[in-house]
Amino acid sequence: MQQATEILKVKTTRQGLVEITDQVREWVAVQPMQRGLLTIFCQHTSASLLIQENAAKAVRGDLEAYFSRIAPEDPTAYAHDDEGPDDMPAHLRTALTQVQLSIPLLDRKLALGTWQGIYLFEHRRHPHTRTIALHLIGD
Amino acid sequence: MQQATEILKVKTTRQGLVEITDQVREWVAVQPMQRGLLTIFCQHTSASLLIQENAAKAVRGDLEAYFSRIAPEDPTAYAHDDEGPDDMPAHLRTALTQVQLSIPLLDRKLALGTWQGIYLFEHRRHPHTRTIALHLIGD
Amino acid sequence: MQQATEILKVKTTRQGLVEITDQVREWVAVQPMQRGLLTIFCQHTSASLLIQENAAKAVRGDLEAYFSRIAPEDPTAYAHDDEGPDDMPAHLRTALTQVQLSIPLLDRKLALGTWQGIYLFEHRRHPHTRTIALHLIGD
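If you read the protein sequences in the order shown, they are chains Y, A and X.
Last residue of the first sequence: number 455 in this note's numbering, and the count goes up by one each step with no gaps.
Last residue of the second sequence: number 455 in this note's numbering, and the count goes up by one each step with no gaps.
Last residue of the third sequence: number 455 in this note's numbering, and the count goes up by one each step with no gaps.
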């Protein structure tokens, strides 16, 4: 049994979903393991991870619009606004999704379904560089 | 340290929660590991996983009704409706819950609490066969 | 490769977020592994786990208020109220967050971001003792 780890940097330019499936797959492809468990961990409280539909582009727009509606920017709603009106909604949208995903590795391939892509969900309006830790254990 | 993997097929007939605790436990029971980590991964973007109350049946009805309310079918709300009015709400309900769960294995038993059951949450109206990958690592 | 497991008991006195980062870190610090994967599993359906902002206290108040709004106590809304009006909202708030988190261990340190703390999210009004299973695999 072996382990491998990596730190991934992802640049974001605006609120929304950024696909990272290829970057994750490329790193996994050069590891020696055939079978194992990959864990993806987002080191932030205002950006999160999501596995979602990777074919129809409209799904991503609808997802972004939906999270803007259920956790809206609203200066009257929150006590915390240290970094602006998009600060607290970013924490809420992170809480409603997740900062960690684990995906089995089977026959050297991630066990993603046909339509599943891995996304970083940026919840802040301004550009950020996000840090994602990858951990793979297997043989 | 050893690994074991399995593909589980779960048939669904309607929207709602389908308990899979027994199927998962039966597979774990025939693996040689005493202690480890089980990961359950749902390979879909319109069905998800949930650990919830397995005793009071009313909880499941309330959960289903709640997710229908916060991510409703509404032809005016979404750009994406390729597969009908239950298509986009299915993606949203998946995003609000999760497609992956990991549960420690202690003394040959999953570390589920007394009232915790594992559920597949079907978000589409029509019958589907859902694919779930299981991964167990331990010794 | 080695494994270690522990059962953590956390006393809660009211609804809200209880930070458990230190308790988790202290246990991890006395394990022999340098690198691995830590899994935290909450054995309840009316309390959950959340990784969130650990600096600004107002974030926690806003998070608690938000979950009280999107999954409110409302005697007319739910069929299930066996244990009072905070019973069913507790299940919903658990479903919207998560009962399991996995965090990579790198160079003997959990790969938490600078502002990330680990919280138990108590969703019931009365005091409870909550059980959390810890599992660490690594070398």
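For the record, the hints were derived by calculation from the structure and aren't laboratory data.
We put the beta carbon where it would ideally sit given N, CA and C, even for glycine.
Be a bit skeptical, because a hint or two may be false.
Subject to a maximum C-alpha distance of 25 Å in a straight line, what follows is the list of computed DSS-like cross-link-like pairs (lysine-lysine) [claimed, not checked]:
(1) A:Lys425 with A:Lys325
(2) Y:Lys373 with Y:Lys325
(3) X:Lys325 with X:Lys373
(4) A:Lys425 with X:Lys373
(5) X:Lys425 with Y:Lys325
(6) Y:Lys325 with Y:Lys425
(7) Y:Lys425 with A:Lys425
(8) X:Lys425 with X:Lys325
(9) X:Lys373 with X:Lys327
A few chain A residues facing chain X, derived, Cβ under 8 Å [unchecked claim]:
(10) Ala320
(11) Gly332
(12) Leu333
(13) Val334
(14) Thr337
(15) Leu365
(16) Leu366
(17) Asp378
(18) Ile386
(19) Ala427
Going through the hints against the structure:
Distance check on the hinted pair: Lys425 (chain A) and Lys325 (chain A) sit about 22 Å apart at the alpha-carbon level, within 25 Å; holds. A hinted pair counts as satisfied when its Cα atoms are at most 25 Å apart, and Lys373 (chain Y) with Lys325 (chain Y) qualifies at roughly 24 Å. For the suggested pair Lys325 (chain X) and Lys373 (chain X), the alpha carbons sit about 24 Å apart, so the restraint of at most 25 Å is met. For the given pair, Lys425 (chain A) sits about 38 Å from Lys373 (chain X) by alpha-carbon distance, which is inconsistent with the 25 Å threshold.
A hinted pair counts as satisfied when its Cα atoms are at most 25 Å apart, and Lys425 (chain X) with Lys325 (chain Y) qualifies at roughly 19 Å. With a C-alpha separation of about 22 Å, the suggested pairing of Lys325 (chain Y) with Lys425 (chain Y) holds against the 25 Å cut-off. A threshold of 25 Å between alpha carbons decides the hint, and for Lys425 (chain Y) with Lys425 (chain A) the separation of about 28 Å lies outside it, so the pair is violated. A distance of roughly 22 Å separates the Cα atoms of Lys425 (chain X) and Lys325 (chain X); the hinted pair therefore holds under the 25 Å criterion.
In summary, the hint linking Lys373 (chain X) to Lys327 (chain X) is supported, as the alpha carbons are separated by about 20 Å, within the 25 Å threshold. Of the supplied interface hints, the one on Ala320 (chain A) is violated, with its beta-carbon coming no nearer than about 15 Å to a beta-carbon of chain X, more than 8 Å. The interface hint given for Gly332 (chain A) is broken, as the beta carbon of that residue sits about 13 Å from the closest beta carbon of chain X, more than 8 Å. Taking 8 Å as the C-beta contact cut-off toward chain X, the hint placing Leu333 (chain A) at the interface is violated, the least distance being around 10 Å.
At a threshold of 8 Å, the smallest CB-CB gap from Val334 (chain A) to chain X is about 15 Å, leaving the interface hint violated. Using the Cβ-Cβ criterion of 8 Å, the hint placing Thr337 (chain A) at the interface with chain X is not satisfied: the shortest such distance is roughly 13 Å. Given hint, Leu365 (chain A) at the interface with chain X, is violated; its Cβ is 10 Å from that chain's nearest Cβ, farther than 8 Å. Because the smallest distance between the Cβ of Leu366 (chain A) and any Cβ of chain X comes to about 6 Å, under 8 Å, the interface hint for this residue holds.
Hint on Asp378 (chain A) holds. Least Cβ distance to chain X is approximately 5 Å, under the 8 Å limit. The interface hint given for Ile386 (chain A) holds, since its Cβ lies 7 Å from the closest Cβ of chain X, which is under the 8 Å cut-off. Because the beta carbon of Ala427 (chain A) sits about 4 Å from the nearest beta carbon in chain X, less than 8 Å, this interface hint is met.
Of the hints listed earlier, those the structure fails to meet are numbers 4, 7, 10, 11, 12, 13, 14, 15, in rising order.
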